[in-house]
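Following the hints, complete the assembly by docking chains B, C and D onto the known chain A.
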Amino acid sequence: MTLYHYLAVSAALFCIGIFGALTRRNVIGILMGIELMFNAANINLAAFNRFLHPNAVVGQSVSLFIITVAAAEVVVGLALVLAIYRNIQTIYAEDYNLLKG
Amino acid sequence: MEQFAFYVFAGVTLLAALGVVLLRNVLHAALMLGLCLLGVAGIFAQLGADFLFASQILIYVGGIAVLILFVVLLAGRASELITRQTNKLWPPAAFVCGVTFVFLLRYYRSFNGTSASSAPKPTTFALGKLLLGDLALPFELISLILLAALAGAIVFSRTEHDEEERKA
Amino acid sequence: MLEHVYLIPLLPLAAAVTLVFLGKEGPHSKMPFLSVATMGWCLLQSSAILWSAMTGAAHLPYAASMPWFEFGEYPMSLGVLIDGPAAMMLFVVTLVSFLMQVYSIAYMHGDPRFKRYFAYVSFFTASMLGLVVSSNLLVVFSCWELMGVSSYLLIGFWFEKPGPAYASKKAFITTKVGDLGFYLGMLIIFAYAGTFDLTMLRERVAMGAAYLPAHAATAAGLCLLFGAVGKSAQWPLFIWLPDAMEGPTPVSALIHAATMVAAGIYLVARTYFIYQASPLAMDAVAWIGLVTAFMAASMALVSYDIKRVLAFSTVSQLGYMMLALGVGGYSAGLFHLTTHAFFKALLFLGAGSVIHSVHSNDMREMGGLSKKMIVTFATMTIATLAIAGFPFSSGYYSKEAVLGAVYAHSPAMWAAALFTAAMTTFYMFRLIFMTFLGEARDHEKEHHAHESPALMTIPLCVLAVLSVCSGWILEHFGLVEHLFGLPSAVVHGAEHAAKAVEAAGAAAEHGAAAANHAAGHPASHPAFLVPAALSAFAAGLGISWKLYASGDFTTATKIKQTFGPVFTLLEKRYYFDDFFLFLVDLSDRLAAACFWVDANIVDRIFVDGWGLVTILLAEIENFIDAVFVDGLVDASGWVSRQAGAGLRTLVTGQVQEYLLYVALAVSVFIIQMLTMR
Amino acid sequence: MTNLLTLITFVPLFGALAILAVPKEKTKAIHAIGLIAAAISFVLSLLALGQFDKASSAMQLVEKAAWIPSFGVNYHLGIDGLSLPMVLLTTLLTLVSLIFSMSVENRVKEYWFWFLVLDVGMLGVFVSLDFFLFYVFWELTLVPMYFLIGIWGGPKKEFAAIKFFLYTLFGSVFMLLGILALYFTSTPHTFDITELMKLHPGWSESFQITLFIAFYLGFAIKVPAFPFHTWLPLAHVEAPTAVSVILAGVLLKMGGYGLLRVSYSVLPLGFKWFLPILIVIAFINIVYGALCAMAQTDMKKMVAYSSVNHMGYCLLGLAGVTATGFNGAVMQMVAHGLVTGALFLLVGVIYDRAHTRDMSAFGGLGAKLPIYTALMTVTVFASLGLPGLAGFVGEFLCFLGAFQRFKLFTALSVLGILVTAAFFLRMIQKVFLGPLNQKWANLEDMSWREIIAVAPLTALTVYLGVWPRPALDLMNPTINNMIQSLAAVFK
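Heads up: the protein sequence lines correspond to chains A, B, C and D, in order.
Note that the first sequence covers residues 1 to 101 in the numbering used here.
Note that the second sequence covers residues 1 to 168 in the numbering used here.
Note that the third sequence covers residues 1 to 677 in the numbering used here.
Note that the fourth sequence covers residues 1 to 491 in the numbering used here.
Any given hint might turn out to be false.
[What the hints assert, rightly or not] Some chain C residues near chain D, calculated using beta-carbon distances under 8 Å:
#1 Phe71
#2 Glu73
#3 Val149
#4 Ala165
#5 Phe172
#6 Leu187
#7 Ala191
#8 Glu439
#9 Lys572
#10 Phe576
#11 Ala591
#12 Cys594
These are calculated hints, taken from the structure and not from any lab test.
Positions of the beta carbon are idealized from the N, C-alpha and C atoms, including for glycine.
Chain A extracted, bound-state conformation (with noise of 0.2 Å):
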């Protein structure tokens, strides 16, 4: 197995990462999109440490850092998706449109 094999994966699940975030109409649809993104980033760094600095773990702790950024940042979408929700009773994303101009 070879990087590229790796680096591949993170391409194609990067990439339906990008279609889900731009075409799911319900919002948290598009937050698991965005979530595929991150994971795909985070193979990413595993496998370049993995091979090519595989005595150090700074690509690995990175990785760390975005899942718990990842973390955060899906606390803090899913309480606006609630709060808008309870607003205006629709989760999707097209209904969103004030600053429409």
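Frame of chain A; chains B, C and D shown alone:
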């Protein structure tokens, strides 16, 4: 064996991810997300990142995915199952994703043939030293961010009704 | 004793400060006794100093100093310099101040600001004493100014009345005009001689052109004289003194008769060496003195206000002293200064007693008071005799000395001075006659009249004794030359200068004859001088008796009608007041003009003008704008509005669309990179 | 303590930040914080006085650290006999005016915040030895001043604030150009004032004259020298009392300090070229300023114009270029700070009570307000140059120093003293003497707070007037050194 495991994990991950973005039922999508995250955890294990593997399962699968499930259950409605869950942006989005994927693959091609020079070692000890040594400050800061997120989430999710109750 | 001479000015100062901050204010405050006691102690000390100076026990001049401050390379020192005149002045000032304070306890009793009055008086005395003892011209100037302030405070003591409020300001400003002269004189002296220390200055002046060239000496002398003119109320700055009579009468006695106004004379005497170096300045002193003496005496002839008569008389007598100094009669001038202090203080305190009793200043409302106020009458008559130069009174000796010195300088001046003396006799006896003799003209006031309490009459008696015998004592024991002898005549050359101070002591010890010579004092007067003076006295007394003693003023009124314009001129004080009022008005107009210029020209044109120019430029630019630039602007506005309308459709409020735009843009770059490979 | 100057300068800043953290209703806490910060700064400056070697003319308590190394900008602080009196004056006046400002009720928090920031700027100007730093602090004083006048001022406050701001900014722009020119002329490029002082022999006269004019514009507007003085009466009249105190007491001194520190020491040839003009300007300032003051009926405006007159004495002392004159100029700056500061406070006291400053509206207050009258009289006499009070020493030394170089104009300037006496005494007569105007029968005498604010200034005025040695000894070595090191130029 190793190759087999890799393909399994990779396959699970990617299929589950497709499920996440394509399934109509958000509840199913959320479950798929959990599966996908598990797959990623497997890939971590393949990469010899034992601590990352553990955190992935604990935080992502155990925490985030479950959290998303809860919210889906809280905010979801039965009627939504029949409505379309993908908006009309999908053709350009698909185009963008394709372009990006092609580009990334071509870019990564130079790493084709780079293989691990040694067997993986346990990393937990080294990570611990790093996080409490050189990276102590970011580590502390990230915990602050978590705290802030926690507080923020509480503030956001509290209703005015709650406040009135508290005052009374 | 001499070592502690610095305490003499400092203790009254301390008393003044204590009185200001401690104790309860009120008409029956006990605090003033502190001030009186302090002054008593100072009087004892100065008497001791004077006694030792007279007997020769103390080696004069005595000098001591301590460093004060430094600027650049120049040190300034606080110091004392006691010579004969200083010792005498110390005695005179402390004595008059002490007596006046005793007198004031009775006079001012019941005033709501009783304590503050004594604080001011103590402060004044402290600054006057400081001026007397100081060896440093800068300190002299400081005390000089502080005296001006205390005089300001005391003249305006009853400041609720508009009169004193105005008079105090007038006095301060007028003397301040003179002070500018002093100020400039100090600048000149320092620029050339580089020191303010009187002893050192004397040496440097003696060295002549190396330090103080002749023109600088003249300039410095004239400037200092101008200062003295202001303080001693000489022509043309005498206008403030008559108005200063608005203050309490004891204050007039102390400040405007015996001490502060004498400071100008004392200053000229202290810096006499500068005048000796400049004949021109010396002549100026003499002429100022003569003109003042004559003018003031003539104004006194027609005044009906008892205090104003005395004020004009003071001015006139000060002119006499100036004249004496100017003609080289150094010792004569100081002699007259001393005797004058006694009898003029007595006159003022007596006048105060009269005013206290009848509550009026106008002599036309008095008359016949001799029966009711016998002590006052007696003592004031003694003082009048003294000022008029009645034989063997103190004024006789000092006036003779002055006239003798003037005659030696110029007989013409002597004649004018003699005429002034006759006028003096006339108006002084006019005062006595109108006040005390004849019939009471205002019976109600006369009815209330009474002799003043002992606290007021005892000082009168003490001063009367001194008015009678001080002249004889000083003259008979050769003390005039011993105390007031010049240290040395004009000394040329540095080697002489160093010895100048010692020469003073030596000259004094050698007795009157040697000192006479040294002072440039004529050894003997022509024989007719004394009879001439006596006949002047007799003439003045005679005319006065004829016109005023009877209490019937018809002749006087007739004379007044005959010489109407002259009387008007005198009553208007030669229109000097009006002239100065005109100056004040002029400066007000100048100030208003300056402010107008400031507000309307400097501010408008120089400052707001910038704004105007900017606006003008803006107008021009506006024109260009409207024609050329505006078209472009309008065009761009149209374009952006159209673009906005188009772009508006892009802003859908759909987050995912925005995200897609980003992603598409990224893809464009990616495609470009892929195709470039 | 090696960072004493930094502490002195920045303690008020900490105070200001602390005030920001206090809720705006808690005025007592705000007062306490502000007063404590100002008091600490004052005590520290006294400590600096204690550590200061009076016999030396060198820069002392120097702090130097690289700030922007790529431009050669240093954080360079230090004091000598010239700046220490100014620092002491600033800390004292700030403390005093803050005590007085406790009566401000409108937007207390902002007021105290801006006041402390202003303090930082002023102190910084006097202690910095690096032009960059100097300029930063110099400009830092403008902003708080703008707000203090513009928010808490009188009826025409906005106009006054903008005029003050634009006018002084106009001047400092030229100063900035001058600073940059100095920077680019020096090799290696430096902003260090002490370094630049050594470089003038290498510069041509025309260069120095050009730069002198640029700097002069900046300083003359601050001083203010004729014809750049017209912002002053307006700003003074509109500013709240305590701000007027600072404006007159400290801000004007920045101009005089700049002339001595920069124009004289760095550009001696330019200074020499300018002397004949300077003496005329000084004369105009003195006589014209006094005459303008005489035309006023508003007490505050009169005091403002008297500042023009008094700063004219400073210019006179500078024009003499003698140790005497320089001593006089610095002494006059200190004395003017104390005396005019007290005068503004006292005018503020009566304005707080009567809500008018028109002299002719009063009359006979002398018996009604004895303490106020006493303090006012002493201060007025100090201002008109009565010996025994601080004003005289500075003024006299200025005249003495200038007379050695310029006889005619110095002699003419003496007239200013007379006019000063005239208008001040007229004010006393109108306000305090004469019969009591019954309209003010219920006026109260000064409160303890006001007495505490004014009394230290009066006490110092008397002390320095009788015994000027402490102040003069402080500055004399520095000034002697300044004069001697450039004696050849001014021969």
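Taking the hints in turn, this is what the structure says about them:
1. Phe71: Status holds, d = 4 Å.
2. Glu73: Hint holds; Glu73 of chain C Cβ to chain D Cβ min 7 Å, cut 8 Å.
3. Val149: holds, 6 Å
4. Ala165: This hint holds: Ala165 of chain C lies near chain D, its Cβ roughly 4 Å from the closest one there, short of 8 Å.
5. Phe172: holds, 6 Å
6. Leu187: holds, 4 Å
7. Ala191: holds, 5 Å
8. Glu439: Result: violated, 38 Å to nearest chain D Cβ.
9. Lys572: violated, 24 Å
10. Phe576: violated, 18 Å
11. Ala591: Since chain D brings a Cβ to about 4 Å from Ala591 of chain C, closer than 8 Å, the hint holds.
12. Cys594: The hint holds - Cys594 of chain C has a Cβ within 8 Å of chain D, the shortest such distance being about 4 Å.
Violated hints, in rising order: 8, 9 and 10; the structure is consistent with all others.
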